[in-house]
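Engineer: If you want the building blocks of each chain, they are given just below.
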Amino acid sequence: MNLIIGAFTIGLILSLLSLGMLISFRMIKFTDITVDGSITLGASLSAVLIMAGWSPWLAIAMAFLAGSMAGAITGILHTKFKIQEILAGILMMTALYSINLRIMGRSNIPLLDTKTVSEGTKNLLLQSAEGGKNILILGWPVPVSDLAFFITSLAFCIILAIVLTRFLLTHFGTALRATGNNPQMVRAQGVNNNTMVVFSLALSNGLVALSGALLAQYQGFADVQMGIGMMVWGLASIIIGEALVGKSGIGITITGAILGTILFRLLIAIALRWGLNPNDLKLVTALFVFVALVAPYFFKSFSKKFLRGSNHA
Amino acid sequence: MLKIQGLTKTFFPNTVNEVKALRNIDLTIKEGSFTAVIGTNGSGKSTLLNAIAGTFIPDSGSIVLDNNQIDQWPEYKRATLIGRVFQNPFAGTAAEMSIAENIVMAMKRGESRPLTMAVTKKVKDEIADRVRMLKMGLEDRLDNPIGTLSGGQRQALTLLMATWLKPKLLLLDEHTAALDPKSAAKIAELTRQIIDQDKLTALMVTHSMQQAVDLPDRIVMMHRGQIVDDFQDEAKKRVRTHDLIDTFDRVQKRELFDESVAKLLLAQYC
Numbered sequence: 226m227n228l229i230i231g232a233f234t235i236g237l238i239l240s241l242l243s244l245g246m247l248i249s250f251r252m253i254k255f256t257d258i259t260v261d262g263s264i265t266l267g268a269s270l271s272a273v274l275i276m277a278g279w280s281p282w283l284a285i286a287m288a289f290l291a292g293s294m295a296g297a298i299t300g301i302l303h304t305k306f307k308i309q310e311i312l313a314g315i316l317m318m319t320a321l322y323s324i325n326l327r328i329m330g331r332s333n334i335p336l337l338d339t340k341t342v343s344e345g346t347k348n349l350l351l352q353s354a355e356g357g358k359n360i361l362i363l364g365w366p367v368p369v370s371d372l373a374f375f376i377t378s379l380a381f382c383i384i385l386a387i388v389l390t391r392f393l394l395t396h397f398g399t400a401l402r403a404t405g406n407n408p409q410m411v412r413a414q415g416v417n418n419n420t421m422v423v424f425s426l427a428l429s430n431g432l433v434a435l436s437g438a439l440l441a442q443y444q445g446f447a448d449v450q451m452g453i454g455m456m457v458w459g460l461a462s463i464i465i466g467e468a469l470v471g472k473s474g475i476g477i478t479i480t481g482a483i484l485g486t487i488l489f490r491l492l493i494a495i496a497l498r499w500g501l502n503p504n505d506l507k508l509v510t511a512l513f514v515f516v517a518l519v520a521p522y523f524f525k526s527f528s529k530k531f532l533r534g535s536n537h538a
Numbered sequence: 337m338l339k340i341q342g343l344t345k346t347f348f349p350n351t352v353n354e355v356k357a358l359r360n361i362d363l364t365i366k367e368g369s370f371t372a373v374i375g376t377n378g379s380g381k382s383t384l385l386n387a388i389a390g391t392f393i394p395d396s397g398s399i400v401l402d403n404n405q406i407d408q409w410p411e412y413k414r415a416t417l418i419g420r421v422f423q424n425p426f427a428g429t430a431a432e433m434s435i436a437e438n439i440v441m442a443m444k445r446g447e448s449r450p451l452t453m454a455v456t457k458k459v460k461d462e463i464a465d466r467v468r469m470l471k472m473g474l475e476d477r478l479d480n481p482i483g484t485l486s487g488g489q490r491q492a493l494t495l496l497m498a499t500w501l502k503p504k505l506l507l508l509d510e511h512t513a514a515l516d517p518k519s520a521a522k523i524a525e526l527t528r529q530i531i532d533q534d535k536l537t538a539l540m541v542t543h544s545m546q547q548a549v550d551l552p553d554r555i556v557m558m559h560r561g562q563i564v565d566d567f568q569d570e571a572k573k574r575v576r577t578h579d580l581i582d583t584f585d586r587v588q589k590r591e592l593f594d595e596s597v598a599k600l601l602l603a604q605y606c
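Sequence lines, in order, name chains A and B. So the numbering used here is basically just the index in the first sequence, starting at one, shifted up by 225. So the numbering used here is basically just the index in the second sequence, starting at one, shifted up by 336.
It is possible that part of the hints are untrue.
Keeping only pairs whose Cα atoms sit at most 20 Å apart, straight-line, the calculated SDA-like set for lysine to any residue is [said to hold, decoys possible]:
no., chain 1, residue 1, chain 2, residue 2
1, A, Lys305, B, Glu411
2, B, Lys460, A, Arg391
3, B, Lys444, A, Asn419
4, B, Lys573, B, Val549
5, A, Lys254, B, Ala427
6, B, Lys444, A, Phe392
7, A, Lys254, A, Ile324
8, B, Lys457, A, Thr390
9, B, Lys458, A, Thr395
10, B, Lys457, A, Lys254
11, B, Lys457, A, His396
12, A, Lys254, B, Phe426
13, A, Lys305, B, Ala427
14, A, Lys472, B, Lys458
15, A, Lys307, B, Glu432
16, A, Lys254, A, Ile477
17, B, Lys460, A, Gly474
18, B, Lys413, A, Lys472
19, B, Lys460, A, Asn419
20, A, Lys254, B, Glu432
21, B, Lys444, A, Thr395
22, A, Lys305, B, Val455
23, B, Lys444, A, Arg391
24, A, Lys472, B, Val455
25, B, Lys413, A, Asn419
With the Cβ distance kept under 7 Å, some of the chain B side facing chain A (calculated, not the full set) [unchecked claim]:
no., residue
26, Ala442
27, Thr452
28, Val587
29, Lys589
30, Arg590
31, Leu592
32, Ala598
No lab work stands behind these hints, which were simulated from the structure alone. Where a beta carbon is used, it is the ideal one built from N, C-alpha and C, also for glycine.
Can you make the complete structure from the sequences, with help from the hints?
Structural biologist: Written as structure tokens, this is what we have:
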């Protein structure tokens, strides 16, 4: 049970990463690699601030802002300085590696016995558990602190999903989505598509950094290496989500991204339990994304061949 | 009113590929008039339209539209005054978004886009009313992605979108050229209808001599980046397609003549 709650919690936290990447990869169609750096930025900044005695809520708010700035810079590198999108992302990600080391002053910061954003929920639960450290769920004892973090991240996830869905359906959000679809049309309708790209990347990386900040609080540490491969991870989650529920409509796409992230995390928890070497995890993820990207074309050409054959008959 | 003075644009200057696309163009278009621009391939007619729309900034010259000097404005800012329909039927709409969402974009052309719900029930009814006018049955499919429609249907919607908020100038860039003959005729008719109804000022580039004779009130002919002929009022009413083709031939012959004379003179004096 602990394992499942843990996997769900990490899944929920990382679904903020997926939601962020949904904006860059799917809405404005920008292959943004800044993600790998901005998730660590969120984690390291919030860890440092918490160690300095800041409230965990203020810390994640600052993480969001810092992530937004990183995203905006990637956007400006691309739109103002005409650097290819991948290269703009790589430049920012590389710069962030040093920035993160600077922020932390060393390569990792442990957060032991510090307050987290789930503090309030934990106190509420402790009251209802009447002083006990565990709560029974389906007959299994679950530590109150784990359950509290699970509930908090669930609340985060639901609120952000609703806000994001509403936002994307506004006039401004419609223009944002159209920017990825047809920039020419967007300009002809009087919208500066470059501003839209910068804004979207800021929002996207803000969410990613927020995810990183929560992850650091949950795991109890921030590490300069923790962002490596996160972009592929998020992409895998988005692809799973699309396979699960399709992409007809904003609400469905967003729900899909969240479900996809949780499912992907569960799959990984199971695979690790079955004895998958954690060192192979990123290779397996990369292979998975490769298969997911190639499979649709493979099936299409396969069915084409099949149809052609039947036409001859 | 649109007033263009001394408009010049050279692509790839000082290279072997140098193209003098626009050479000192002067053109004034009266409020509420519908002008067609015709010309051979590479005559600069599309370049002229793009210069007005703001796809690029001209080398020199001024463009004044409705008392705004717009020649240095970025493309998106010019969209506050200008509605556009492109040659490519897919260029004017966002394929993955629904018909309603596309039109909602046009309902706020050049205005600020607030954080309020875009496609509400009320907006949808308003859209359905105007889409019904196209007589294509699209009013029942407002939630379908626009990419599922045919080129003709998409072009009709683009035209509707470009004129949803009355533009100071409507730019039509060979907007029927990529359609099948039947759709092209329908779009041409729709164009005339909308322009008459809203008394729009419009500038249309076309390849079709027939269209140039049938639709507008004025025909401007371009060749090699210059305006070589201009049929207005009475002259426009009298003009027929073969007159236009004759004029083309004359322009081209004069050019051949000029070139051969130049060669002769060069041979004699150099």
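Engineer: State for each hint whether it applies.
Structural biologist: Results for each hint:
For the suggested pair Lys305 (chain A) and Glu411 (chain B), the alpha carbons sit about 15 Å apart, so the restraint of at most 20 Å is met. A threshold of 20 Å between alpha carbons decides the hint, and for Lys460 (chain B) with Arg391 (chain A) the separation of about 17 Å falls inside it, so the pair holds. Taken as a hint, the Lys444 (chain B) and Asn419 (chain A) pair is honoured in the structure, with Cα atoms around 18 Å apart against an allowance of 20 Å. Between Lys573 (chain B) and Val549 (chain B) the CA atoms are separated by roughly 8 Å; this keeps the pair inside 20 Å, and the hint holds.
Distance restraint check for Lys254 (chain A) and Ala427 (chain B): the Cα-Cα separation of roughly 17 Å lies within the 20 Å cut-off, and the hinted pair is therefore satisfied. Proximity of Lys444 (chain B) to Phe392 (chain A) is assessed by CA-CA distance (about 17 Å); at most 20 Å being required, the pair is judged to hold. At roughly 27 Å between alpha-carbon atoms, Lys254 (chain A) and Ile324 (chain A) are farther apart than 20 Å, so this suggested pair is violated. The hinted pair formed by Lys457 (chain B) and Thr390 (chain A) meets the criterion: a straight-line CA distance of about 18 Å does not exceed 20 Å.
For the hint pairing Lys458 (chain B) with Thr395 (chain A), the CA-to-CA distance comes to about 15 Å; that is within 20 Å, so the pair holds. A C-alpha spacing of about 29 Å is found between Lys457 (chain B) and Lys254 (chain A), which places the hinted pair above 20 Å, so the restraint is violated. Between Lys457 (chain B) and His396 (chain A), the direct Cα distance comes to roughly 14 Å. Compliance with the 20 Å bound is thereby established for this hinted pair. For the proposed pair Lys254 (chain A) and Phe426 (chain B), the alpha carbon gap of about 18 Å is at most 20 Å, so the pair holds.
Pair hint Lys305 (chain A) plus Ala427 (chain B) does not hold up; C-alpha atoms about 24 Å apart against a cutoff of 20 Å. Taking the CA atoms of Lys472 (chain A) and Lys458 (chain B), the gap is near 25 Å; set against the 20 Å cutoff, the hint is violated. Note on Lys307 (chain A) and Glu432 (chain B): the hinted pairing is violated, with a Cα-Cα distance of about 26 Å set against a maximum of 20 Å. Restraint check for Lys254 (chain A) and Ile477 (chain A): the C-alpha separation of about 18 Å stays at or below 20 Å, so the hint holds.
Proximity of Lys460 (chain B) to Gly474 (chain A) is assessed by CA-CA distance (about 17 Å); at most 20 Å being required, the pair is judged to hold. Using a Cα cut-off of 20 Å, the hinted pair Lys413 (chain B) and Lys472 (chain A) is violated, with the two alpha carbons roughly 33 Å apart. About 29 Å separates the Cα atoms of Lys460 (chain B) and Asn419 (chain A), which puts this hinted pair outside 20 Å; it is violated. Note on Lys254 (chain A) and Glu432 (chain B): the hinted pairing holds, with a Cα-Cα distance of about 12 Å set against a maximum of 20 Å.
A hinted pair counts as satisfied when its Cα atoms are at most 20 Å apart, and Lys444 (chain B) with Thr395 (chain A) qualifies at roughly 12 Å. For a cut-off of 20 Å, the pair hint linking Lys305 (chain A) to Val455 (chain B) is broken: about 32 Å separates their Cα positions. Distance check on the hinted pair: Lys444 (chain B) and Arg391 (chain A) sit about 19 Å apart at the alpha-carbon level, within 20 Å; holds. Straight-line distance between C-alpha atoms of Lys472 (chain A) and Val455 (chain B) comes to about 18 Å, which keeps the hinted pair within the 20 Å bound.
For the hint linking Lys413 (chain B) to Asn419 (chain A), the alpha-carbon distance of about 13 Å falls within 20 Å, and the restraint holds. The beta carbon of Ala442 (chain B) is positioned within 7 Å of a beta carbon in chain A (closest approach about 6 Å), and the interface hint is therefore held. A distance limit of 7 Å between C-beta atoms decides the matter here; for Thr452 (chain B) the minimum to chain A is near 6 Å, and the interface restraint holds. Hint on Val587 (chain B) is violated. Least Cβ distance to chain A is approximately 32 Å, over the 7 Å limit.
Annotation: interface hint on Lys589 (chain B) violated; nearest CB of chain A at approximately 39 Å, more than 7 Å. Against a cut-off of 7 Å between C-beta atoms, the interface hint on Arg590 (chain B) is violated, since the closest Cβ of chain A lies about 38 Å away. A least Cβ separation of about 38 Å between Leu592 (chain B) and chain A goes past the 7 Å threshold, and the interface hint is therefore violated. Nearest Cβ of chain A to the Cβ of Ala598 (chain B): about 42 Å, over the 7 Å cut. The hint is violated.
Consistency with the previously given hints fails for numbers 7, 10, 13, 14, 15, 18, 19, 22, 28, 29, 30, 31, 32, ordered from lowest to highest.
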